[in-house]
Structure formats: C-alpha cells, structure tokens
Amino acid sequence: MSWFLMQKDLPGRKRLMLIITSFLLPLAVWSVISYTPFIWHPLMKVVDAGDSLYVEEGQRISISVFEQENQRLKESGGSVITGVRANPVYLPPPHKVLTAVYTAFKTEPRRPGDPWLHESLVHSIRVVFYGFMLSSIIGVPLGIMCGVFDFFSKLTEPFFEFFRYMPAPVFGALAVAVLGINDSPKIAIIFIGTFFQQVLVIANTTRQLPSPLLEAAQTLGAEGITLFKKVVLPAIAPHVFLDMRILLGWAWTYLIVAEVVGTSTGITWFINQQAKYRIYENVYAAILMIGLIGLFTDMVLAWIGRNLFVWTGGRRSSFFQMLVEFVSTPRDKTFSIVDKRGLRHE
Amino acid sequence: MNKLQLPSYKEQAPEVAERFRKLKEREVILETADLTKKFEVEKGAVTALEKVSFKAYRREFLSVIGPSGCGKSTLIRILSGLETATEGSVLLDGKPVTKPGPERGMVFQGYTLFPWLSVKKNVMFGLEVAGRSRNGAEAEALQWIEMVGLEKFVDHYPAQLSGGMQQRVAIARALANQPRVLLMDEPFGALDAQTRAKMQSYLLQIWRNVDITIIFITHDLDEAVYLSDRILVLDANPGRVNEMIEVPVARPRSSKQHLNPEYLATKAHIESLIHPPGDDDDDTLPMIKLTKAGDEIV
Ligand SMILES: Nc1ncnc2c1ncn2[C@@H]1O[C@H](COP(=O)(O)OP(=O)(O)OP(=O)(O)O)[C@@H](O)[C@H]1O
Ligand SMILES: [Mg+2]
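Line by line, the protein sequences give chains A and B. Numbering-wise (our numbering), the first sequence opens with residue 1 and increments by one. Numbering-wise (our numbering), the second sequence opens with residue 1 and increments by one.
Because the hints were derived from the structure by calculation, they are not lab data. One should not assume that every hint holds.
Lysine-lysine pairs mimicking DSS-like chemistry, simulated, CA-CA at most 30 Å apart [claimed, not checked]: (1) Lys-38/B x Lys-154/A; (2) Lys-229/A x Lys-121/B; (3) Lys-229/A x Lys-99/B; (4) Lys-43/B x Lys-99/B; (5) Lys-229/A x Lys-152/B; (6) Lys-99/B x Lys-38/B; (7) Lys-51/B x Lys-22/B; (8) Lys-267/B x Lys-55/B; (9) Lys-55/B x Lys-95/B; (10) Lys-154/A x Lys-43/B; (11) Lys-121/B x Lys-230/A; (12) Lys-154/A x Lys-99/B; (13) Lys-99/B x Lys-230/A; (14) Lys-230/A x Lys-152/B; (15) Lys-256/B x Lys-198/B; (16) Lys-230/A x Lys-95/B; (17) Lys-55/B x Lys-24/B.
Label pairs and their in silico Cβ distance ranges [to be verified]: (18) Ala-193/B x Phe-149/A: 39 to 47 Å; (19) Leu-155/A x Lys-198/B: 48 to 56 Å; (20) Glu-40/B x Leu-155/A: 22 to 30 Å; (21) Gly-94/B x Leu-155/A: 37 to 45 Å; (22) Lys-51/B x Leu-155/A: 39 to 47 Å; (23) Ser-133/B x Phe-149/A: 26 to 34 Å; (24) Gln-109/B x Leu-174/A: 48 to 56 Å; (25) Gly-294/A x Ser-201/B: 52 to 60 Å; (26) Phe-149/A x Gln-109/B: 26 to 34 Å; (27) Pro-286/B x Met-6/A: 29 to 37 Å; (28) Ala-236/B x Phe-162/A: 43 to 51 Å; (29) Lys-51/B x Gly-249/A: 52 to 60 Å; (30) Lys-38/B x Asp-150/A: 18 to 26 Å; (31) Gly-249/A x Gln-109/B: 34 to 42 Å.
Far from chain B by the CB rule (all over 12 Å, computed), these chain A residues [unchecked claim]: (32) Glu-67; (33) Leu-174; (34) Phe-296.
For clarity, every value in this text was computed on a predicted model and none was experimentally measured. Idealized CB from N, CA, C, for every residue including glycine.
Looking at chain A on its own, in the form it has when it is part of the complex (with noise of 0.2 Å):
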C-alpha cells in the first residue's frame, strides 16, 4: 500500500515508523553538521598555540585569523598554531548534550547558595502549576457559565476579548510593582496568560454542546441545577478536558517570560547562567528537560483522557481501573481485577 493516500490513515507500522523518524530526522540533521569535519565547522579550535601571543590553547578562531596568524609566525619564524576545524561553542555536537541531560543534575552550583538544575526545575513547575490552577479554579467554572449563559457571555466575554490582546508580559512591571519581587508576580503573569484565553475558549466549547441533548434530557424530566450536572457537565468533559491539554500548553510558553519578571528564577534562570559561563551544552540539555517535561505531561493528560471518557473511543486500561478503585474503594474489598481472574474465595 502507498505510503500517500488522501485523508487515509496509515496502519500502524508505518505510523510508528514515521513518528521515529519525526524525531530522528532532526537529530541526523544535528549529528552530520556536528561530526563531519568538512560540513559547515566555521572555526579552528586550537590545539597548541605554538608561538602565537594572541591564541591559547580550546580557543576558538575564524579560519582566516588562523590562516593570517599562521602567515605571520612562519615569516617571524616562529612554531605555528595546530588546530582543529570545529562548530562555535553554541552549537555542540548531540552526545555532549545527552550527557549534559545526566551530568547537569549532577554538577553543584558555581556559587554556593544557587540553586541546582532539578531545583530550577521544580521552581519553574512550580510557578506553571499555580499560575494554571490559579486561572483553572476561576476560569473553567466562569467558562462553562458563559457557555450556558448568555447572561454571563455578554457580561464578561467582551472584555476578555479586548484584554486578551493586551500581551501577559506588559503587564510584568506591573505585577511586580503590585506583588512584590517574589514568585507571586510571576504567578500573576501565567495567570493573565492563561485565564482569558480559558474563558472564551471553555465558553465556546460549551456552546458547541447539542442542543438536542439538552432538549431530550428535558423530555425526561431533568430540568435547572440536575439538568446542569447530569447533561451539560459530562456532555461536555471530554472536549474541555482537551481544551485543558491546550492550554496548558500556552501557560507553559509563558513560563519564559514570567521568570525574568523581577528577580530571573526557575529553569529560565539556570540557562542565562549557563549561557554566561558558555557551557552551551547545559542550555541544550535544559532545553530538552523543558519539551520532555511539557510532553510527558500531556502524553500522561492524553493516557487519563482516554481511561476516564471511555465513550469517546478509548478504553479503560486494568492499571487505570485500578487506580480508581484504590482511592475510591472500601479497604476491606478487593480489585475487580483479581476478583476476575478468580483469586477471590467467597
């Protein structure tokens, strides 16, 4: 079968195929400019500096400064430079960066009292999750209501809508002004970043919800707050369950921003710092540690999504099952799953 046919999905082996590649094709693209010494390696990193006064020894140079100064020390008579063709030092080559990943954790603080890398990182974590919960605990039952609610739209979504176009950032001065150089004005940023967005995103998907569902569930008896509870709320869960995942996504892009907001703090600090001291490969691999994070999140959102709106094509897996059943059950019972594979004697 063609590996091209329009709106057709691929059986699974090639789409697995294609989805390693999505990520091995860069990572070729990384690997060939970093170890094949005649593609692209615009300096000379040297190796001894001979009799030169300028260059030491790792130096990097431009190829022509080196050419030049090699001229001049053979005519001097003096012992030339040897160096290697090599990338500029932002730019190092994959396997620096996947030890750095390891080694970053491991590496103290140049200053004593700095906080480490996992430290940075949860600090950053930190500053997402209250940001997004902060919005979230606001955002999503204000959403809902203005979906439901014209009363609620008309009262409040107009303004999101202007305020929304007014970038988070802007507002950093303020907010630091306002709340002190701590995490809080970092905190209120995601927040500004996060919220309006929420609410006209979470109204809209409310929106979509059929109206006739509401209308049978009507004929059946259901009317005001169990109407609300029992139609419109898992009508609509799975879709702002996705919505969710989204921005999620966004609060996480204003992560960035929000930790040079007062005092630079967070995962954002911890690469300004490394850029300083030119160890490129910890920038990379703090980076890397941002997208894995931010990808681990939301393929665990997608793995609940699934097990929690079965109906929408997923399944619930024994593991997820399980789970529920451990924070939901009495003690003194068992797990469906044993009880179904017969180990339980009545």
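With chain A fixed as given, assemble chain B with the ligands onto it according to the hints.
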C-alpha cells in the same frame, strides 16, 4: 391501462367502525385548541401553525403528516413543551402544558442518547431524575430494555450501536418514565428501508403491550397508514389542519395489508391531499443537455 376502482377511504368495515366508536369513548389524553405559532424572522413573522385543534384519545396511535415545512416539528415541540405556542393551548389530561416534563416522552429524529452513558444508564436517566433508588431504577430499566429486545447490549455505549438500535433505546428511555403520551418526530427518518420496516413492527408490538398514546410524525404515507388509528393531515404555509382521517384498515396490522383496497384508498386520498393533482409540474427539471446519452430515453 385500466384504472383500479378503489372504495372510498371513508367506508369502514363493521369491526373497524366499532373500534373507532370505542376509541372515542375513551378519555381524551391530549387536546390542542387553536394552536398558532408565529416565528419572528428578519422581515416580519412566519406563521408555522394556524389554529390547529385536535384531540388524542387514550391508547390511540395518531400520526401527523404533511409536506415538508408545514410545521410538524413545531407542533410536536409545542406538545412537548420545548416550544411555546403564540396562541392557543395544549391540555394534557385537562391540564395546560407549559414546559417539558416526563409525562410527555419524546423520541427525536436524530440520535439523542447520552453518549457518555451505557444503554442501561440511558434508560435509567429519567427514573433517577425522578428520584428513584438506584436498584429500583436499574431493575425497571432492564425490563424496558428487554421489551425493545436489547438485553444483550445493556452495557454498550450508544456509539457502539446501529441507528435502529439507538432509536429502540431512545424509545425504551422515553417509556421508562411511563409517560401519558409518547411524542415521536420522524423517529425512523434516518434509517434504511429495511430497518425502518422492522422498527415499525417493533413499535406496534410495544404499543400493543403498553398503555400509551402515541403522536407520531412522519412524511411517509405508508408508515402513517400502516401504524395509525387516525392521521392528521396538515397543509403548508401556514400549517393548518386539512383533514383528520380515520384509517379503515383493521388491526392487528401486517405488511400483507399493504395491498388491501382500503389501505390503498387511504393512501391515495392522503396523496391527493398532500400533492394535489396538477402539482407535478414543479417536479420537472429544466431540460439542459450537456452530452448525448447515446441511447436516448424518452
Ligand atoms: N426557530 C425557528 N425560527 C424561524 N422559523 C422557524 C423556526 N422553526 C421552524 N421555523 C419555520 O416554521 C415552519 C415549519 O417548520 P417545521 O420544522 O415545523 O416543519 P416540518 O413540518 O417539521 O418540516 P420537515 O418535514 O422538513 O421536518 C418552516 O417554514 C420553518 O422555516
Ligand atoms: Mg420536522
């Protein structure tokens, strides 16, 4: 071609006449008086219904038929309370209808099962809303599911069922509330011919077993004649009552009756009401030939 001589649709065999006499002695369940519905649109108002009055007796099967846009859906939505009439009133057991309620079950044309609930939970919905205990509701729901023949599918989600099965669940769900009337708006409109025929026979069986008055909307003549005691024929623009027809076909009904003279006579009469003779001209497309068909059909 010699024209088949049909009896008048008004001629009723003695047992049919007797049935109608008894039917009309029963209590009136649903009654409308001069229902008028106007929709406000950009330029003025559209009159969807004008002075529609009729009565439905207990355990009657009443169909409403009429050309597209004559206000059938509007009528049934007013009966259900989802829409309010501009003028006139709807009385259920003598009490005016103002809002939707469980004593008027409804089955829609589209699929309106709750996708997040299993078949069983869907049927239990109304019972739980009414505050019934979970166990009681479950036992009762299972009975209704059995009645529509879906006991093997109690734990399936609606998306896992065929269209016909979904409509059967919808019927069970509406009946579980033990409503006084069952309102059905083209419930089988989206089904293929075979499934539709099956569903019609299911519906008749259910109706025979349950004390329920059915108001059934359709634009399918066969369906109306096959199922109904009486048929309310509506005119379009504005939707008015044209005639209330008593179907002279004996019960129990079966598909064999489709060729009975009284069946054909009734059908022919409704046909003439909905598509008056000479109306056919509208159906002819303008002749525009783009290519030669070769073997020309005249
Ligand atoms: N919400 C509305 N606003 C404005 N006009 C409406 C509305 N609902 C229905 N109408 C109009 O009322 C008339 C009757 O509509 P209705 O849907 O009741 O017809 P119907 O007999 O059910 O048609 P069909 O056989 O196609 O289902 C139509 O002319 C329609 O345009
Ligand atoms: Mg309709």
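Subject >> CB-CB spacing for Gly-249/A and Lys-51/B relative to the 52 to 60 Å hint >> reply: For Gly-249/A against Lys-51/B, whose Cβ atoms are near 58 Å apart, the range 52 to 60 Å holds.
**OP:** Measure nothing beyond the straight line between the CA atoms of Lys-267/B and Lys-55/B; if it is 30 Å or shorter, mark the hint as holding.
**Re:** Within the cut-off at roughly 22 Å; holds.
Original post:
How does the Cβ-Cβ distance of Gly-294/A and Ser-201/B compare with 52 to 60 Å: does it lie in that range?
Top reply: holds (57 Å)
Original post:
Holds or violated: Lys-121/B with Lys-230/A, Cα cutoff 30 Å?
Top reply: holds (11 Å)
Original post:
When you check the alpha-carbon spacing of Lys-154/A and Lys-43/B, does it fall within 30 Å?
Top reply: Status holds; Cα separation ~26 Å.
**OP:** Decide if the proposed pair is consistent with the structure: Lys-43/B and Lys-99/B, CA atoms, cutoff 30 Å inclusive.
**Re:** Holds, because 28 Å separates the two Cα atoms, which is no more than 30 Å.
Subject >> Least C-beta distance from Leu-174/A to chain B larger than 12 Å >> reply: holds (43 Å)
**OP:** Just tell me: holds or violated, for the beta carbon distance of Gly-94/B and Leu-155/A against 37 to 45 Å?
**Re:** holds (42 Å)
**OP:** Could you tell me whether the CB distance from Gln-109/B to Leu-174/A stays inside 48 to 56 Å?
**Re:** This hint holds: roughly 55 Å between Cβ atoms.
**OP:** With respect to the beta-carbon atoms only, verify the hint that Leu-155/A and Lys-198/B lie 48 to 56 Å apart.
**Re:** holds (51 Å)
Original post:
In this structure, is the beta-carbon distance linking Lys-38/B and Asp-150/A contained in 18 to 26 Å?
Top reply: holds (23 Å)
Subject >> 30 Å Cα cutoff - pair Lys-51/B, Lys-22/B >> reply: Status holds; Cα separation ~27 Å.
When each numbered hint is compared with the structure, no violation occurs for any of them.
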